[in-house]
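Undergrad: Sequence:
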Amino acid sequence: MALDAPNDVSLSRKAMKAELLDAETERQLACAWRDHRDEQALHRLINAYMRLAISMASKFKRYGAPMNDLIQEAGLGLMKAADKFDPDRGVRFSTYAVWWIKASIQDYVMRNWSMVRTGSTSSQKTLFFNMRRVQAQLEREAQSRGEELDRHQLRQAISMEVGVPLRDVEMMEGRLAGSDFSLNATQSAEDEGREWIDTLEDDGADAAEIIEDQHDIRTLRQWLVDAIGSLNEREQFIIRERKLKEPPRTLESLGIELGLSKERVRQLEAAALTKMKKRLEQESREVQDFLL
230 MALDAPNDVS
240 LSRKAMKAEL
250 LDAETERQLA
260 CAWRDHRDEQ
270 ALHRLINAYM
280 RLAISMASKF
290 KRYGAPMNDL
300 IQEAGLGLMK
310 AADKFDPDRG
320 VRFSTYAVWW
330 IKASIQDYVM
340 RNWSMVRTGS
350 TSSQKTLFFN
360 MRRVQAQLER
370 EAQSRGEELD
380 RHQLRQAISM
390 EVGVPLRDVE
400 MMEGRLAGSD
410 FSLNATQSAE
420 DEGREWIDTL
430 EDDGADAAEI
440 IEDQHDIRTL
450 RQWLVDAIGS
460 LNEREQFIIR
470 ERKLKEPPRT
480 LESLGIELGL
490 SKERVRQLEA
500 AALTKMKKRL
510 EQESREVQDF
520 LL
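The opening residue of the sequence shown carries number 230 in the numbering used here; numbering runs sequentially from there.
Derived by calculation from the structure, the hints in this document are not laboratory data.
Every residue gets a Cβ at the ideal spot worked out from N, C-alpha and C, and that includes glycine.
Just to be clear, a hint being listed does not mean it is correct.
[Stated by the list, open to error] Calculated lysine-lysine pairs in the DSBU-like style (CA-CA distance at most 30 angstroms, straight line):
#, residue 1, residue 2
1, Lys-313, Lys-491
2, Lys-504, Lys-474
3, Lys-507, Lys-313
4, Lys-290, Lys-243
5, Lys-472, Lys-507
6, Lys-290, Lys-309
[As the list claims (entries may be wrong)] Pair ranges (Cβ atoms, derived):
#, residue 1, residue 2, range
7, Glu-510, Glu-462, 42 to 48 angstroms
8, Gln-257, Gly-293, 38 to 44 angstroms
9, Arg-450, Arg-242, 16 to 22 angstroms
10, Cys-260, Arg-380, 53 to 59 angstroms
11, Pro-476, Ala-500, 44 to 50 angstroms
12, Cys-260, Arg-396, 35 to 41 angstroms
13, Glu-399, Arg-318, 50 to 56 angstroms
14, Glu-510, Arg-447, 29 to 35 angstroms
15, Pro-394, Gly-458, 38 to 44 angstroms
16, Arg-447, His-272, 35 to 41 angstroms
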C-alpha cells in the first residue's frame with residue numbers, strides 16, 4: 230500500500246479491504262522478505278497490517294497533528310518493524326509491530342507539537358503523553374475524598390503514579406504550559422528592532438551526530454524487545470498494560486483483574502523492570518538508565 234495516498238480516508242478504505250493473514254502465511258511472508266528480500270511478500274505483509282497502523286495513528290489525533298501525517302508516520306514504523314522482524318521467535322508480527330508504530334508516531338508528535346523540543350528521555354516522553362490524563366485522574370480521586378491538592382502535592386503525586394523524577398514533572402509542566410512565539414519578534418522597544426534570533430547560537434547537531442543517535446535508538450529498541458522476552462507471562466502482561474497501552478492501565482484496575490492488591494502490582498512491575506534492566510546491562514552498561 231502506497232504511503233503517499235491522497236488522504237487518510239482513501240488509506241483507511243484500502244486498509245479495511247486488505248487481507249487478513251493467518252500465522253503461517255504471515256511467517257512465510259516474513260521469511261521471504263528476511264531471507265530473499267521478496268518485495269511482493271513485504272508488500273502483502275505491510276498491506277495486511279496497515280489497518281493496525283491507522284488505528285494506532287487515530288489515537289494521537291488529539292495532539293493536533295494532521296491525520297494523514299500521523300498515518301504516514303505509522304506506516305513508516307510498520308515498515309521498520311517488517312525489516313527488523315524475526316519470524317523464528319514465535320511472536321506474531323502485529324505484537325512486534327506495535328512497538329515500532331507507536332515509537333514512530335510519538336517521535337513525530339513530539340517533533341512537531343512545539344518548535345521547542347519537548348522531551349527526549351523515556352520519562353519525558355511518558356510524561357508528555359500521560360501527564361494531563363494522570364493529573365485529571367489524581368484530582369478526581371482527591372476530590373472524591375474531600376481533599377484538595379496544592380501544586381506541589383499534585384506534582385509529587387504525578388511523579389509517584391507515573392514513576393518519574395519530580396524534576397521531570399516540574400520541567401514538563403512548564404513546557405506544556407508555555408506557548409511558542411516568533412524568534413523574529415523584537416526584544417523591546419528600546420533595542421532598536423533587535424530580534425530574539427540575533428542572540429542565539431547555532432548549536433544544532435551535525436549530520437554525523439544525528440545518524441549516530443538514530444543508530445543508537447534502533448539498537449536500544451531491539452535490546453528492549455529482547456529484555457521483555459525474558460519476562461514471564463504475568464510480568465509481560467503488567468509491562469504491556471502499564472507501559473505499552475495508550476492510555477496505560479492503572480495499578481488498581483490491574484490488581485482487580487489479577488486478584489492482587491494495588492501495591493502488589495506495583496511491586497511486580499518494579500521487579501519486572503529490574504529484571505529487564507539486568508538483561509539490558511548484559512548488552513551494554515550504557516543502557517542501565519534506559520527504563521527510567
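Undergrad: With reference to the structure, classify each hint as holding or not holding.
TA: Quick rundown of the hints versus the structure:
Simply put, Lys-313 and Lys-491 have alpha-carbon atoms about 36 angstroms apart, too far for the 30 angstroms limit, and the pair is violated. A C-alpha spacing of about 20 angstroms is found between Lys-504 and Lys-474, which places the hinted pair at or below 30 angstroms, so the restraint holds. For a cut-off of 30 angstroms, the pair hint linking Lys-507 to Lys-313 stands: about 23 angstroms separates their Cα positions. Restraint check for Lys-290 and Lys-243: the C-alpha separation of about 20 angstroms stays at or below 30 angstroms, so the hint holds.
Of the pairs offered as hints, the one joining Lys-472 and Lys-507 holds, with about 18 angstroms between alpha carbons and a cut-off of 30 angstroms not exceeded. At roughly 22 angstroms between alpha-carbon atoms, Lys-290 and Lys-309 fall within 30 angstroms of each other, so this suggested pair holds. The given range of 42 to 48 angstroms is broken by Glu-510 and Glu-462, whose C-beta atoms sit roughly 23 angstroms from each other. In this structure the supplied range 38 to 44 angstroms holds for Gln-257 paired with Gly-293, their Cβ-Cβ distance being about 41 angstroms.
Take Arg-450 and Arg-242: their Cβ atoms lie about 31 angstroms apart, and the range 16 to 22 angstroms is violated. At roughly 55 angstroms, the beta carbons of Cys-260 and Arg-380 sit within the given window of 53 to 59 angstroms. The beta-carbon spacing between Pro-476 and Ala-500, approximately 23 angstroms, falls outside the hinted interval of 44 to 50 angstroms. Taking 35 to 41 angstroms as the suggested C-beta distance range, the pair Cys-260 and Arg-396 does not conform, at roughly 47 angstroms.
Against the hinted window of 50 to 56 angstroms, the Cβ-Cβ separation of Glu-399 and Arg-318 comes to about 41 angstroms, which falls outside the hint. At about 19 angstroms, the beta-carbon gap between Glu-510 and Arg-447 misses the expected band of 29 to 35 angstroms. At roughly 28 angstroms, the beta-carbon separation of Pro-394 and Gly-458 lies outside the given 38 to 44 angstroms, and the hint is violated. The hint said 35 to 41 angstroms for the Cβ distance between Arg-447 and His-272, and at roughly 23 angstroms that hint is violated.
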